[in-house]
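Chains as they are written, first to last, in numbering that gives the first Met the number 0: chain A, 0 to 383; chain B, 0 to 383.
These are calculated hints, taken from the structure and not from any lab test. It is possible that part of the hints are untrue.
Same chains, same label: a pair holds when it works inside one copy or across any pair of copies.
With a Cα cut of at most 25 Å, we get these calculated SDA-like pairs of lysine to any residue [stated by the list, open to error]:
#1 K167 to P261
#2 K167 to A22
#3 K167 to I260
#4 K178 to G290
2 protein chains.
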Amino acid sequence: MRSVCLLGSTGSIGCQTLDVIAAFPDRFRVTALSAYSQVDLLADQARRFHASTAVIAREDLIPALREALAGTHTRVLGGMEGLCEVAANPAADMVVTAMVGAAGLLPLLAAAKAGKTIALANKEPLVAAGELVMAAVQEGQATLIPVDSEPSAIFQCLQGQDRCGLAKIILTASGGALKGLSPEQLERVTPEEALNHPTWRMGRKITIDSATLMNKGLEVIEAHWLFDVPIAQIHITIHPQSIVHSLVEFQDGSLLAQCGIPSMCTPIQYALGYPERLPHNWAPLDLEAVGTLTFQQPDFSRFPAPALARQAAAVGGTATTCLNAANEEAVIAFLDHHIGFMEIPRLVEKALTAHTPIPHPTLEQVLETDRKVRESVRRMAILY
Amino acid sequence: MRSVCLLGSTGSIGCQTLDVIAAFPDRFRVTALSAYSQVDLLADQARRFHASTAVIAREDLIPALREALAGTHTRVLGGMEGLCEVAANPAADMVVTAMVGAAGLLPLLAAAKAGKTIALANKEPLVAAGELVMAAVQEGQATLIPVDSEPSAIFQCLQGQDRCGLAKIILTASGGALKGLSPEQLERVTPEEALNHPTWRMGRKITIDSATLMNKGLEVIEAHWLFDVPIAQIHITIHPQSIVHSLVEFQDGSLLAQCGIPSMCTPIQYALGYPERLPHNWAPLDLEAVGTLTFQQPDFSRFPAPALARQAAAVGGTATTCLNAANEEAVIAFLDHHIGFMEIPRLVEKALTAHTPIPHPTLEQVLETDRKVRESVRRMAILY
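The following block holds chain A by itself, in its conformation from the complex (with noise of 0.2 Å):
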């Protein structure tokens, strides 16, 4: 049996995992359970799955939290505090990491200082400080599965292999929503349109990633942590169909790819039960219905994203923590209708030229890049 602390059960990953769980109730028990500000969701789960804590991160909805869990046993909690406890929590195995953004950084630390099995679905924290974060890791000899589909892809292909054979990552994109337009289309896409995601249902900023490629750029970043892997030899190809969800390439010229539906399910369900697979009750792939599957070189000439996260990778130190906490920035204002969708990754650029770099900076100057970036961008944003 598995206890399971979830750092961010209302969000869409935090739901499916929350499912999974559901499946096997057998092998895993929820401990804790965390949200930004969803009270009403968090505590019907809570409720459900006989959390013993819940986490709201807006700590001005500590009371509303309090009274909506008002007879039960479950202890309420907020703010970072909270989030950095249960994470930490010796009651938990498990932490998954379901949050959205660099929010998850103080929490992924502890739980990476406690040395819990960490399944890792936010990947904003590798990105801001991932040097901080595997430095924890091992630290604490914490365990990371990613649980990302496309790095969950390369971490079942590269199980029990030859790691010093390996060549390559191709992290696979399925181009997002906006692949066809032209670059004077690109300018006017709506938030709607940019939502509208062809073949994962995913939450609201990871989709927006998915349509500016910048969700590849933070990929290659992510891989290069996870995998001690030179960024240089992480590559994106567009796979518009998602049934190859990443591939490896050794130096034999083996390539080993992993495939499945578009559906999170599978490597929710791979990292919570690792190493073991455990059954499905999902339709599996038929690759002869699929029929066809496709390849292509990205244009980053219409998608500069990844090429200004190869670009902040190559700098190092917090000239990451700047494209990310720009990016974050840059979507919230496109959702917001206040910026263009191509100004998104303008704006990056931008924050990125101002940005003086820290190499191998601390936790604080870390998050006080974060904050400082994320206030100019806002500014900018309000310009346009």
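Guided by the hints, dock chain B onto chain A, whose structure is given.
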């Protein structure tokens, strides 16, 4: 430094194995080489690789081989006895079985009982006598590493994975040279047409087996023994590009696939270097240049061989010995222009119908079945 005994060194796999060995002179050295009848090539190879022993299977050619190797330190042996001796000889760590057909059975058993690491490029012994081979592997604590691209793909995909979670093996088939032909056209196919494989350069016997799809039938039986998976869980899909060399499906809905250019060098090198992956000097797969991968159901009505193989495997015992022997002789008769292309599966079916299978046969019963079925198929072939 691994010392390698290579059985069948003058064939297609044998020559490519020597290319790999030549590319890594610090890692591999040749102890013994063998050929069926190509004295001159065998002698050249033995000189070039300083083989301690050279074996010619046809005993009448021993004097010719002696002459060709005069002045060298290479010992000359002949016949099945010579093959079995070098296969079990302590001088070799590894035995590569690249002979064609069930003729490789006795040397394979000898290598298995001697506890060798065996790079298995010769699938017919597993079809003819899978139970005996696997018992010998168990007895000698030998290691079997498949060399054929499809089982090598499966073997690579299963490394480090939860074997209990394995749900399905999916063998890919290019569809061979003749996949677009009508039943009437198939009747009139010449050996030259059937030997013109669209994606793979291989020996003559396996190329004809590819054209009839019997090769997939044999691979189903081979995979059953190698990976201890029920026949019903081994599927065949047509994949004309020969890029995905096979897949495994786990019970969590995840599939792993091994991909690469259609070249035997990759699986040969993998088997020789296992578990290490050695660098290659050929052009790697460029997925974006290939662009499109397709998968479709095989047409088992036009190509009845895989169904015959499944039927024989379901019966078990000497039924698969009969299947293999009948197919080997029918392929020879076809290549010799004695019978038409579609007579190959018809003769196999007749042989299976006439055969009274012996469950759990002894080696003698396997050899006797093999001999009798060959005689009977040769007689039938002459009558056409």
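Hints, one by one, checked against the model:
1. K167 to P261: The answer is both: 23 Å in one copy and 19 Å across copies each meet 25 Å.
2. K167 to A22: So K167 and A22 pass the 25 Å test across copies only (22 Å; inside, 36 Å).
3. K167 to I260: both (24 Å within a copy, 16 Å between copies)
4. K178 to G290: both (21 Å within a copy, 17 Å between copies)
Violated hints: none; the structure is consistent with every hint.
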